[in-house]
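Q: What follows is the residue order along each chain.
2 protein chains.
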Amino acid sequence: MKLKNIKIVMVETTHPGNIGAAARAMKNMELSQLVLVNPKCPMGDIAYSRGSGANNILDDRITVNTLPQAVSDCQLVVGTSARLRSLAWPELTPNSLAQKVKGLNDAEKVAIVFGREHAGLTNEELKHCHYTVTIPTNPEFSSLNVASAIQVVSYEIYNQFTDVETLKVSENLEPVADSAELEGYFAHLEQVLISTGFLNAENPRQMMKRLRRLYQRAEPSKNEVNILRGILSSVEKYRK
Amino acid sequence: MKLKNIKIVMVETTHPGNIGAAARAMKNMELSQLVLVNPKCPMGDIAYSRGSGANNILDDRITVNTLPQAVSDCQLVVGTSARLRSLAWPELTPNSLAQKVKGLNDAEKVAIVFGREHAGLTNEELKHCHYTVTIPTNPEFSSLNVASAIQVVSYEIYNQFTDVETLKVSENLEPVADSAELEGYFAHLEQVLISTGFLNAENPRQMMKRLRRLYQRAEPSKNEVNILRGILSSVEKYRK
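Top line first, the protein sequences correspond to chains P and S.
First residue of the first sequence? That's 1 in my numbering, and the numbers climb one at a time after it.
First residue of the second sequence? That's 1 in my numbering, and the numbers climb one at a time after it.
I should point out that these hints are in silico values taken from the structure, not numbers from a laboratory.
Among the hints, a few may not be true.
Claimed, not checked - Derived DMTMM-like pairs (lysine to aspartate or glutamate); straight-line CA-CA distance at most 20 Å: (1) P/K237 to S/E236; (2) P/K127 to P/E12; (3) P/K237 to S/E190; (4) P/K2 to S/E140; (5) P/K127 to P/D106; (6) S/K209 to P/E174; (7) S/K209 to S/E181; (8) P/K4 to P/D59; (9) S/K127 to S/E219; (10) S/K2 to P/D73; (11) S/K237 to P/E236; (12) S/K209 to S/E174; (13) P/K209 to S/E174; (14) S/K4 to P/E140; (15) S/K237 to P/E174; (16) P/K40 to P/E12; (17) S/K4 to S/D60; (18) P/K102 to P/E30; (19) P/K127 to S/E174; (20) S/K100 to S/E140; (21) S/K2 to S/E30; (22) P/K4 to P/D106; (23) P/K209 to S/E219; (24) P/K4 to S/E140; (25) P/K2 to P/E108; (26) S/K127 to S/E140; (27) P/K4 to P/D73; (28) P/K2 to P/E30.
If you're wondering where the values come from, they're calculated on a predicted model, not measured in any experiment.
Hey, can you work out the whole structure from these sequences and the hints?
A: In structure tokens, the structure reads:
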């Protein structure tokens with residue numbers, strides 16, 4: 001895995017100072033790809049001033065309208081969350097995230113997604129994430145500034161990469177499926193499970209959420225996604 | 001050692017936003033003592049606004065004229081430094097600092113000293129420090145925002161003080177399926193995939209081996225195995 005393959009994704013950020021501070025934090029830690037999803041503020045002097053010299057990162061930022069656009073080419077998508085959700089996602093610490101990222105192979109891409117200043121990420125947005133990462137905090141004052149959260153996560157990753165310790169070998173040596181391939185599988189799965197009567201066509205949501213979590217946890221390779229889709233096709237032909 | 005015995009000391013800070021952001025970062029990590037040495041800015045709305053609710057830390061701050069006044073009651077004084085000095089001080093990483101702090105006894109006091117936004121600490125000020133701590137950074141862009149540096153150091157200390165075991169939430173909160181349950185699933189899967197024509201009944205082995213690896217990697221819970229078997233049953237009924 002290479003540091004340049006890591007994207008920092010900021011969703012609907014409202015303060016340009018936070019975007020600038022995030023760019024500075026990223027550059028301090030040798031990260032370079034900043035993606036803004038539907039930013040709620042203009043970029044300008046405030047962002048560049050807080051960026052304190054990280055102009056290249058701000059200049060090279062990519063702006064998109066939706067989170068899926070930001071993460072579709074990534075094999076690992078991690079959302080940051082201050083809260084424990086009722087339906088918990090597989091949860092990482094900043095350190096275990098850094099280890100996981102370092103263990104990926106050089107071709108793989110990672111997105112780490114940071115939510116709105118006051119409201120974080122929605123459950124809908126978290127559905128696109130394979131894991132959440134939570135920074136341990138004072139339970140009575142748990143909301144970090146978004147750029148500070150980016151600083152902590154980037155620091156842990158940089159620390160892990162500059163560490164002399166040997167590379168952890170990836171658990172799955174085949175190229176991992178990207179987010180778009182997984183989404184294609186989930187759409188196909190939902191459609192087949194409605195046909196077989198397993199899913200209620202009117203309310204497939206809760207069950208699909210569980211199935212997504214299961215398959216995301218396995219981090220399937222591209223080949224494995226093809227195999228799983230082959231199974232679905234065989235079921236579709238089965239009745240004919 | 002107790003978290004409340006740790007002082008964060010900011011020397012000649014020029015921007016009130018950084019003092020507010022530092023207070024927020026401290027409160028996130030359960031630190032409470034903020035000491036300002038000869039601050040170069042008025043405290044006011046900007047500091048409180050960036051503090052985002054860490055008012056008690058800003059209200060309780062202590063202001064002194066010189067660094068020796070700030071650190072005189074401390075057993076361990078650590079200065080932060082971005083640069084390697086010609087006359088090198090004993091140098092800590094944020095993690096080794098956190099370990100050292102945690103190892104102190106409950107009566108001891110610690111000061112961690114952060115310098116000016118643009119110039120850091122002087123050699124004269126570093127003379128009052130027993131150690132320096134350096135946050136690993138991009139050698140070509142090594143200056144962290146002072147509040148970000150406080151965030152990283154406070155985070156490492158808080159991490160060290162909180163029981164890491166209780167924070168590491170299991171990746172799967174439900175009871176994991178045992179081997180017999182998984183074998184039951186694989187047998188059921190093989191039988192259904194032979195019916196649908198996906199598997200060649202004479203030689204299902206290679207493909208089943210791949211599918212086993214995929215599902216084993218996900219470490220499914222008991223509930224998830226039941227869901228997966230429910231899907232297989234729905235496929236069996238599908239043709240009838």
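Q: Each hint needs a verdict: does it hold in this structure or not?
A: Each hint tested on the structure:
Note on P/K237 and S/E236: the hinted pairing holds, with a Cα-Cα distance of about 13 Å set against a maximum of 20 Å. At roughly 17 Å between alpha-carbon atoms, P/K127 and P/E12 fall within 20 Å of each other, so this suggested pair holds. For the hint linking P/K237 to S/E190, the alpha-carbon distance of about 17 Å falls within 20 Å, and the restraint holds. A threshold of 20 Å between alpha carbons decides the hint, and for P/K2 with S/E140 the separation of about 18 Å falls inside it, so the pair holds.
Distance restraint check for P/K127 and P/D106: the Cα-Cα separation of roughly 25 Å exceeds the 20 Å cut-off, and the hinted pair is therefore not satisfied. Between S/K209 and P/E174 the alpha-carbon distance is near 15 Å, which keeps this suggested pair within the 20 Å criterion. The hinted pair formed by S/K209 and S/E181 meets the criterion: a straight-line CA distance of about 17 Å does not exceed 20 Å. Using a Cα cut-off of 20 Å, the hinted pair P/K4 and P/D59 holds, with the two alpha carbons roughly 16 Å apart.
Of the supplied pair hints, the one linking S/K127 and S/E219 is violated, its CA atoms being roughly 54 Å apart against a limit of 20 Å. The straight-line distance between the Cα atoms of S/K2 and P/D73 is roughly 45 Å, outside the 20 Å bound, and the hint therefore fails. Only pairs whose Cα atoms come within 20 Å are accepted, and S/K237 paired with P/E236 is accepted, the gap being roughly 13 Å. In summary, the hint linking S/K209 to S/E174 is not supported, as the alpha carbons are separated by about 25 Å, beyond the 20 Å threshold.
Distance check on the hinted pair: P/K209 and S/E174 sit about 15 Å apart at the alpha-carbon level, within 20 Å; holds. Distance restraint check for S/K4 and P/E140: the Cα-Cα separation of roughly 16 Å lies within the 20 Å cut-off, and the hinted pair is therefore satisfied. A C-alpha spacing of about 35 Å is found between S/K237 and P/E174, which places the hinted pair above 20 Å, so the restraint is violated. Restraint check for P/K40 and P/E12: the C-alpha separation of about 5 Å stays at or below 20 Å, so the hint holds.
In summary, the hint linking S/K4 to S/D60 is supported, as the alpha carbons are separated by about 13 Å, within the 20 Å threshold. Pair hint P/K102 plus P/E30 holds up; C-alpha atoms about 14 Å apart against a cutoff of 20 Å. With a C-alpha separation of about 19 Å, the suggested pair P/K127 and S/E174 falls inside the 20 Å cut-off, and the hint holds. Among the hinted pairs, S/K100 with S/E140 is inconsistent with the structure: their alpha-carbon atoms are about 29 Å apart, more than 20 Å.
Using a Cα cut-off of 20 Å, the hinted pair S/K2 and S/E30 holds, with the two alpha carbons roughly 10 Å apart. Annotation: proposed proximity of P/K4 to P/D106 holds, straight-line Cα distance about 10 Å (limit 20 Å). Simply put, P/K209 and S/E219 have alpha-carbon atoms about 17 Å apart, close enough for the 20 Å limit, and the pair holds. Distance hint between P/K4 and S/E140 is fulfilled; the C-alpha atoms sit about 16 Å from each other, no more than 20 Å.
Restraint check: the Cα-Cα separation between P/K2 and P/E108 comes to about 8 Å, which is no more than 20 Å; the hinted pair holds. Using a Cα cut-off of 20 Å, the hinted pair S/K127 and S/E140 is violated, with the two alpha carbons roughly 27 Å apart. Restraint check for P/K4 and P/D73: satisfied, since their Cα atoms lie roughly 14 Å apart, inside the 20 Å limit. For the proposed pair P/K2 and P/E30, the alpha carbon gap of about 10 Å is at most 20 Å, so the pair holds.
Of the numbered hints listed earlier, those contradicted by the structure are 5, 9, 10, 12, 15, 20, 26.
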